[in-house]
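In order, the protein sequence lines correspond to chains A and B.
Residue numbering for the first sequence follows this note's numbering, starting at 60 and increasing by one per position.
Residue numbering for the second sequence follows this note's numbering, starting at 60 and increasing by one per position.
Don't read these hints as lab results, they were simulated from the structure.
Keep in mind that a hint or two might mislead.
As the list makes no split between identical chains, a pair holds if one copy fits it or if it spans any two.
[Claimed, not checked] Here are the simulated SDA-like cross-link-like pairs (lysine to any residue), alpha carbons at most 20 Å apart as the crow flies:
no., residue 1, residue 2
1, Lys154, Asp262
2, Lys154, Arg118
3, Lys154, Thr265
4, Lys154, Pro223
5, Lys154, Ala107
6, Lys154, Gly274
7, Lys154, Ser226
2 protein chains.
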Amino acid sequence: MGNQEAQLYRPPGMRVLSRATVSRMPRYLRLLDDIREAQATVSSDELAEAAGVNPANVRRDLSDLGFHGTRGVGYAVGDLRSRIQRELGIDHRRKVAIVGAGNLGTALAGYSGFRQRGFDVAAIYDISSERVGRLVGDVIVTDAGRIGHDCATGLFDMAILAVPATSAQRVAEELVSAGVSSILNFAPVRVIVPNDVPVRHVDLSTELQILSYYG
Amino acid sequence: MGNQEAQLYRPPGMRVLSRATVSRMPRYLRLLDDIREAQATVSSDELAEAAGVNPANVRRDLSDLGFHGTRGVGYAVGDLRSRIQRELGIDHRRKVAIVGAGNLGTALAGYSGFRQRGFDVAAIYDISSERVGRLVGDVIVTDAGRIGHDCATGLFDMAILAVPATSAQRVAEELVSAGVSSILNFAPVRVIVPNDVPVRHVDLSTELQILSYYG
Chain A
60 MGNQEAQLYR PPGMRVLSRA TVSRMPRYLR LLDDIREAQA TVSSDELAEA AGVNPANVRR
120 DLSDLGFHGT RGVGYAVGDL RSRIQRELGI DHRRKVAIVG AGNLGTALAG YSGFRQRGFD
180 VAAIYDISSE RVGRLVGDVI VTDAGRIGHD CATGLFDMAI LAVPATSAQR VAEELVSAGV
240 SSILNFAPVR VIVPNDVPVR HVDLSTELQI LSYYG
Chain B
60 MGNQEAQLYR PPGMRVLSRA TVSRMPRYLR LLDDIREAQA TVSSDELAEA AGVNPANVRR
120 DLSDLGFHGT RGVGYAVGDL RSRIQRELGI DHRRKVAIVG AGNLGTALAG YSGFRQRGFD
180 VAAIYDISSE RVGRLVGDVI VTDAGRIGHD CATGLFDMAI LAVPATSAQR VAEELVSAGV
240 SSILNFAPVR VIVPNDVPVR HVDLSTELQI LSYYG
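The shape of chain A in the complex, shown without the other chains (with noise of 0.2 Å):
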């Protein structure tokens, strides 16, 4: 998922991690928030229970973060937290705009998780004159046209995409132009923008398929 080139960017100075390493790190971070109130250290075991990984992955991803945890004691949890935390940026709360007020868009700004996660949805946009206006979520529908306004003045930074497949490549292309840091592709088609900009492209049914494999 995601564009390939997305590893390049990153500002001078920052370690580059894996693809594998950087798709652990969510998992990790939900123990690590759910736990927190109840224990002030974690064991590799416990974090790799949790990513479905060994533990030696674990430990090799958290070294690559510099940290090395004690033997028989495990890793400091609030530590650790901020650390992954920093490092996907989102030591600060990020403000995502959802473009497509449909069904699938209506429910990503419901979606508690969302917030929970440290991510404000900050606007949704859609084209219909039926849908502009209404209240969904905390926000009400915006005009398509502002888009690019609102990305340019710092509304939003991060761009959801529940549009339909045509229309995908267009709104992204429109982001882009507008500034946007990156976008998270949920219409079942791949949109091509600049290296620099990162994509990650959901497909919901990868899901089903793995799922499949178990049962």
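For chain A, the structure is supplied; the task is to place chain B on it using the hints.
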């Protein structure tokens, strides 16, 4: 994602693949679907790029499936595609039920990717009398009271939970009692079921967290 134990319950005689290998299979398959009319063979480099891993990973994954490729030629697209489909259990079409006909359930029912990838939405359920009887995608919303009967009689074998967090555990238990094969859970809460029923939990904020690392 999913329960840790899922791998322990493969039918006897089936090779157990690692979680990481299984998670890459849909990405290989997507590339194979895309290129199968245009080319007869595929290189490990092409597969590696599609899956975001290195070619050595690809060769190891495919060797676990009994595929070794031919130096300078690569892998036969048709054979490899059939083998992955068989391994994932999607060499025949799978019948899926969606529980919850709110925004997310409705969006999932209309998601064209499921059908393309071998999954047919056989039913969609809700408890709301306002939603029951409505046409969503190609199916009519059925009263949730029918879930157990319909699952037990084979109308579907996989289920997608698109219900509120407060209902997820109860619905999961009902599905398990009726003999569901596996559950894909979009509700923002973990559900606990016996180890022989695989569950994958989709946390949509994971994708935003990963993306946030890159931009």
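Hint by hint, here is what the structure shows:
In this assembly of identical chains, the alpha carbons of Lys154 and Asp262 lie at most 20 Å apart only when taken from different copies (18 Å versus 23 Å within one copy). For the homomeric pair Lys154 and Arg118, neither the shortest alpha-carbon distance inside one copy (32 Å) nor that between copies (40 Å) is at most 20 Å. In this assembly of identical chains, Lys154 and Thr265 lie within 20 Å of each other by CA distance solely across copies; the values are 16 Å between and 27 Å within a copy. Taking the shortest Cα distances, Lys154 and Pro223 never come within 20 Å of each other, neither inside one copy (23 Å) nor across copies (25 Å).
Taking the closest pair of Cα atoms, Lys154 and Ala107 never come within 20 Å of each other, the shortest separation being 31 Å inside a single copy and 33 Å across copies. For the identical chains of this complex, Lys154 and Gly274 are inter-copy neighbours only, at 12 Å across copies versus 38 Å inside a copy, given an alpha-carbon limit of 20 Å. Taking identical chains as interchangeable, the C-alpha atoms of Lys154 and Ser226 are never at most 20 Å apart, the minima being 22 Å within one chain and 30 Å between chains.
Taken one by one, the earlier hints fail for this structure at numbers 2, 4, 5 and 7, listed in ascending order.
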